[in-house]
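Participant: Add chain L to chain E, keeping to what the hints say.
If you read the sequences in order, they're chains E and L.
First residue of the first sequence: 1, per the working numbering; consecutive thereafter.
First residue of the second sequence: 1, per the working numbering; consecutive thereafter.
Keep in mind that the hints were calculated from the coordinates and are not lab data.
Any given hint might turn out to be false.
Taking lysine-lysine and the DSS-like style, the derived pairs with C-alpha atoms no more than 27 Å apart in a straight line are [claimed, not checked]:
#1 Lys-69/L - Lys-222/L
#2 Lys-119/L - Lys-222/L
#3 Lys-69/L - Lys-66/E
#4 Lys-47/E - Lys-66/E
#5 Lys-144/L - Lys-69/L
#6 Lys-47/E - Lys-222/L
#7 Lys-102/L - Lys-144/L
#8 Lys-69/L - Lys-119/L
#9 Lys-66/E - Lys-144/L
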Amino acid sequence: MGDVTFMEQRSVSTSSERRRYSIPRVFQIADDLTSNNLNMCLHAVRKRLTALSHMNEGWDGYGAPKISTSTCLFAQQIIQQMWREGVPAPDISPLSSGGFMIEWNTGRSGEFVLEIESPYRMSMIYDAENGETEEVHLGADLSPLSRRIEELAAKAAVAA
Amino acid sequence: MAHADGSGFAGDGSARSLLPSYREPPVTEVALALQFSEISPFSTIYGAYHNEVRSVLPLIEEQDPIPPKFETFADLYSPESFSIELVERVPSRRVWFLSPDKHRLVQLQPDRIIQNWRKREGAGVYPRFDAVLGELFESFTCLKRALREQGLQAVQVNQCEVSYFNDIPLFDDESFPQAFQRAFVWPELTRFQPSLDGHTLTPEGSAFNIICRVLDGSGEAKARLYATAQSARVDHVGRVIRLTMVFRGPPPGNDDGQLREFLLLGRETIVRVFTDITSEECHKLWQREA
Numbered sequence: 001m002g003d004v005t006f007m008e009q010r011s012v013s014t015s016s017e018r019r020r021y022s023i024p025r026v027f028q029i030a031d032d033l034t035s036n037n038l039n040m041c042l043h044a045v046r047k048r049l050t051a052l053s054h055m056n057e058g059w060d061g062y063g064a065p066k067i068s069t070s071t072c073l074f075a076q077q078i079i080q081q082m083w084r085e086g087v088p089a090p091d092i093s094p095l096s097s098g099g100f101m102i103e104w105n106t107g108r109s110g111e112f113v114l115e116i117e118s119p120y121r122m123s124m125i126y127d128a129e130n131g132e133t134e135e136v137h138l139g140a141d142l143s144p145l146s147r148r149i150e151e152l153a154a155k156a157a158v159a160a
Numbered sequence: 001m002a003h004a005d006g007s008g009f010a011g012d013g014s015a016r017s018l019l020p021s022y023r024e025p026p027v028t029e030v031a032l033a034l035q036f037s038e039i040s041p042f043s044t045i046y047g048a049y050h051n052e053v054r055s056v057l058p059l060i061e062e063q064d065p066i067p068p069k070f071e072t073f074a075d076l077y078s079p080e081s082f083s084i085e086l087v088e089r090v091p092s093r094r095v096w097f098l099s100p101d102k103h104r105l106v107q108l109q110p111d112r113i114i115q116n117w118r119k120r121e122g123a124g125v126y127p128r129f130d131a132v133l134g135e136l137f138e139s140f141t142c143l144k145r146a147l148r149e150q151g152l153q154a155v156q157v158n159q160c161e162v163s164y165f166n167d168i169p170l171f172d173d174e175s176f177p178q179a180f181q182r183a184f185v186w187p188e189l190t191r192f193q194p195s196l197d198g199h200t201l202t203p204e205g206s207a208f209n210i211i212c213r214v215l216d217g218s219g220e221a222k223a224r225l226y227a228t229a230q231s232a233r234v235d236h237v238g239r240v241i242r243l244t245m246v247f248r249g250p251p252p253g254n255d256d257g258q259l260r261e262f263l264l265l266g267r268e269t270i271v272r273v274f275t276d277i278t279s280e281e282c283h284k285l286w287q288r289e290a
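Bound-form chain E, shown alone:
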């Protein structure tokens, strides 16, 4: 994975800080891949995670740790559990901390971000109704995440 090129800077606001991530576009799932076919989506997700798991330590040029297989498999399980027909497959990007940023984006229907640092260490970041950006820490209980996904699915269905 020595040929990764960093083509985009994306920012995410949180309640406590403002973060910037370097996202290798080569790892982003194709825009036209919507999750109407679970197997096709999961294959794309697995390919992406496999590619990310092969990145060497220091992939960001600042000493980022290698992403562990456990974190890759945990991320895959979360994406698989959260798959909903009509909700586009999420974008998956590496974090310099050794985890992933997973972003569900349905255009006008909304978006939110899940950061996975390691198994059971996650933050869900989204825009609340009052316009503030909220951050919720998650462990084994994924109910807040699944509720957001259900909301996205419902909005996507209305928009369709």
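Facilitator: Here is chain L on its own, set in the frame of chain E:
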């Protein structure tokens, strides 16, 4: 006093009430597992670990690795539907370290350590849960020492697992459906005999699968229990109902006390569910004491 699995008390010295106990439980294997983010590089650890345990576990066998498992809880979750694997994985291996009689076993792979006690060829005296638990933490201490000596970082446990394998032998001339009727508390399920026009049904086999969330006092899910019963044939024993019970979840913390407490919760959950789903007739056969 002996539990279905253990030594009469919950094992933590607290006020936890007495667990059901049996003099002759049908348990044939117990496995206690700690799963962690994989250690890399791991190839040197097998040798370093074997140096630590060679005197009691001199034998070695190689097996395919067990894939990682993560229990999570969401409204959408269907626990039976997941099989997670990456498109490509770095090849790894699982090594068994065995006692000379092969009853005692430690399994080691880059992301997991498992302590087993097993009956062999239908024989062997179960040393009870507390003994196996003590052995697990001895093994874990040896692993941590081997990691330190190799200059590798300490592991962070992300999943604990308690597994019990019970074999309930069938009586002579007893069918599997009859044995299920005798062994479990819902015999009606296998007694159905609908009237068919000129035909009859003869049940040949039975199986069931129970999945439960383990909730704490506030209703928050902490772990999951799987209980599976199926017809089986075992060497040196014959026909049995194989009742497999697995408790799995993320521990609340990473110090040995927190891991131990979580594993004890697993034991308690399994023993109480085991007692609830099996029949009084079998409890007498297994010599229930409490």
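Participant: Hint by hint, say whether it matches the structure.
Facilitator: Taking the hints in turn, this is what the structure says about them:
Taken as a hint, the Lys-69/L and Lys-222/L pair is honoured in the structure, with Cα atoms around 15 Å apart against an allowance of 27 Å. The suggested pairing of Lys-119/L with Lys-222/L is violated, with an alpha-carbon distance near 31 Å, which exceeds 27 Å. Between Lys-69/L and Lys-66/E, the direct Cα distance comes to roughly 21 Å. Compliance with the 27 Å bound is thereby established for this hinted pair. Pair hint Lys-47/E plus Lys-66/E holds up; C-alpha atoms about 17 Å apart against a cutoff of 27 Å.
The hinted pair formed by Lys-144/L and Lys-69/L meets the criterion: a straight-line CA distance of about 22 Å does not exceed 27 Å. A threshold of 27 Å between alpha carbons decides the hint, and for Lys-47/E with Lys-222/L the separation of about 31 Å lies outside it, so the pair is violated. Proposed proximity of Lys-102/L and Lys-144/L is supported: the alpha carbons are some 24 Å apart, at most 27 Å. With a C-alpha separation of about 26 Å, the suggested pairing of Lys-69/L with Lys-119/L holds against the 27 Å cut-off.
Annotation: proposed proximity of Lys-66/E to Lys-144/L holds, straight-line Cα distance about 22 Å (limit 27 Å).
Going down the numbered hints, you'll see the structure goes against 2, 6, while the others check out.
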